[in-house]
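Below are the chains, spelled out letter by letter.
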Amino acid sequence: MIAAVSLAALVSACSSKISGLVGNIGAGSSAGSSITPGRPEDYTGFLANHTGQVVILKSAVLLPAEGFRAPRLVHEAIEMGRVFATSDRDWPPTEPRLPLRNFAGYRIEPGREVKILYSVVGQKLGEYADAGLRVTVVVNGSRGTVDVISYAGTCVVSVIVHDCPESFYNRVQRAADRNT
Amino acid sequence: MGPLEKENAVRNALALSLLSALTGVILSVAPSPSASATSARQMQVPIHLRSIPGSGYVVVYLEISEDFNKLGVPQKLEDVPLTTIPVSRAGMLQIKLPVTEEVLENTSSGLADYTFIAWFGNHLASSEASVPVAPEPGNDAAAMRGSIPTIMFSPFERATSQGVPAPKPPPCFYNAHGKSVEKTNLIGQMQDSAARGSKVEWEYSSEADSTFGVGVSNNPTKHFNESGSFTITNSISGSGGFTAGAGFNRFVYGHFYRQRYVGTAPQPFCSYHYKVKFVKSVGDSFSASASAKHPPVDQYGQCSHDPNGVATMNPHTGHWDRDRGKATTYSSAATIFNLTVSGSTGYTNDININYTNNTNHLEYVCGNAQLPDSPILWSNDSQGN
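These protein sequences, in sequence, are chains A and B. Residues are numbered in the working numbering as their position in the first sequence, beginning at 1, plus a constant of 10. Every letter in the second sequence is one number past the one before it in the working numbering, and letter 69, counting from 1, is 65.
Treat the hints as calculated values from the structure; they're not laboratory data. Predicted, not measured: the structure shown is a model, and the values here were computed from it. In this text, a Cβ means the ideal position worked out from N, Cα and C, and glycines have one as well. Be a bit skeptical, because a hint or two may be false.
Claimed, not checked - Pair by pair, the computed Cβ-Cβ distance ranges are: (1) 289/B <-> 77/A: 39 to 45 Å; (2) 122/A <-> 40/B: 25 to 31 Å; (3) 334/B <-> 172/A: 53 to 59 Å; (4) 366/B <-> 71/A: 24 to 30 Å; (5) 71/A <-> 336/B: 24 to 30 Å.
To be verified - Taking lysine to any residue and the SDA-like style, the derived pairs with C-alpha atoms no more than 25 Å apart in a straight line are: (6) 134/A <-> 177/A; (7) 195/B <-> 46/A; (8) 179/B <-> 65/B; (9) 195/B <-> 173/A; (10) 195/B <-> 93/A; (11) 66/B <-> 102/B; (12) 27/A <-> 144/A; (13) 72/B <-> 82/B; (14) 195/B <-> 177/A; (15) 195/B <-> 180/A; (16) 195/B <-> 136/A; (17) 164/B <-> 82/B; (18) 179/B <-> 82/B; (19) 195/B <-> 181/A; (20) 195/B <-> 106/A.
All chains, full assembly: derive it from the sequences and hints.
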């Protein structure tokens, strides 16, 4: 146990990551869908709080997926209840209508896991992808970050029913597998 | 170092600390009967010894696979004694496995193969287990999710010797006995919504680990008992997957090589004369035939009633490719002559189930445990179809 504690402390000391915040729950998986230019496409990442402290969410930036053009992050929120969107459209999402809470200032109690819904847009036709969110948090008065891994392939098309080729989603999935 | 590489480095270090915390690893220099087994640390694991009166000993061995043939099947097994642990009774117990340099040098994907012989007077029982001793991604998943299995021993049988010699027994040696046999084993199941336009894909990529029961007997073809399990850590470069359409609900199988081993006589302090295990995956996967027995349907009736969470996929092109971080364990996954053994595949996150919704309405995915990390997934539309 001493080894565990000291290693965890080492991890904290070597980076701005917060020990006990687990953002890789969705690692290895990916989501994706097609969307028209400028219209929001929504995905979900998972964050568990095992710090033993209340964690307060402050802000988020998009994690780029290596080898892909990054979309632009436009919204974040906390999904309440059992239902979450692997892929959804518009903001706030309309199908299904999800009970949402504000992201900034949301308090994650110790031992709880939250679902973070985030929305991206691509302005031009083509393939975009991201690896999730880097979330800035405050724990016990200290500021730090946690990467919430959520690989998502956003395919910007002229008409929704046109999908990107399967090879695009396969490339996104391979990127997700590499970073498991 | 990019952000994700850094994240991986951090995650690996964190995995080590979590692995340590969850498995009870402690820093110690534990005395060991084996001079070669200078223990750097120990790992606590649960064991189950079947009913027998009195007290006894559990001898812990490291199994080293050697002399691989062209199929990649080891032709020799050497069980090197690591330590002897006194136990006060049978039943459910915790023991501490030594994780020595020799153990770490003989891992595959971070898994070390331990074998065990329990001695209670002149009765013995055996077991084996592939234990995650190094923080590989799959071990991280297995350890963090509490998936280190209880090490189940075979029934006690009368031994030819009068018990384990002090201070340590000699090593045990086994040679391949006969050729490897290719068998079809159960590795998973997959189901899709009945809505036209939905699609589901089984993606079985490289390095998907499979764990199957080991059979032991003193007869080459009869009277086998299950004696723990062995994990096959693949390094297959290809992938074996397939796609199915609406209404699909079938079990998924793969091919594995089964090998029988025989102890090199005389070995009075070793366990059963024959052991049979699945030692290599062919790397393919395929669905059961349409007429074969189907997996049970969603136990909650439909996803909207599932208390474990519901994932939604938007109409027209919604995709969700979910890995199986926690494998499904099947009690009847494979057979060893007359013995049916359990099995599970997928701890290393390399079996993905990919749902695509090309219908014009919302589709749901749910499972038999909390999403997103559910061993079994089901899908249906808002009407439960």
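Subject >> Whether the CB-CB distance between residue 366/B and residue 71/A falls inside 24 to 30 Å >> reply: holds (28 Å)
Original post:
Is 24 to 30 Å a correct range for the gap between the Cβ atoms of residue 71/A and residue 336/B?
Top reply: violated (52 Å)
**OP:** With a cut-off of 25 Å on the C-alpha distance, tell me whether residue 72/B and residue 82/B pass.
**Re:** It is violated: about 29 Å lies between the C-alpha atoms, which goes past 25 Å.
Subject >> Distance restraint between residue 66/B and residue 102/B, which requires alpha-carbon spacing of 25 Å or less >> reply: holds (20 Å)
Original post:
CA of residue 195/B to CA of residue 136/A, is that 25 Å or under?
Top reply: Distance ~23 Å between residue 195/B and residue 136/A Cα, so the pair holds.
Original post:
Hey, residue 164/B versus residue 82/B, does the alpha-carbon distance stay inside 25 Å?
Top reply: Judged against 25 Å, a Cα distance of about 12 Å means the pair holds.
**OP:** Would you mind confirming whether the straight-line C-alpha gap from residue 195/B to residue 46/A stays at or under 25 Å?
**Re:** holds (23 Å)
Original post:
Regarding the pair residue 195/B and residue 173/A, is the alpha-carbon distance no greater than 25 Å?
Top reply: At roughly 14 Å apart (the allowed maximum being 25 Å), residue 173/A and residue 195/B satisfy the hint.
Original post:
Are the Cα positions of residue 179/B and residue 82/B separated by 25 Å at most?
Top reply: At roughly 39 Å apart (the allowed maximum being 25 Å), residue 82/B and residue 179/B break the hint.
Original post:
CA of residue 195/B to CA of residue 177/A, is that 25 Å or under?
Top reply: holds (16 Å)
**OP:** Quickly compare the C-alpha distance for residue 134/A and residue 177/A to 25 Å and report which way the hint goes.
**Re:** Since the Cα atoms of residue 134/A and residue 177/A sit roughly 20 Å apart, the hinted pair holds (cutoff 25 Å).
Subject >> Satisfaction of the hinted span 25 to 31 Å by the C-beta atoms belonging to residue 122/A and residue 40/B >> reply: holds (28 Å)
The structure shown violates the earlier hints numbered 5, 13 and 18.
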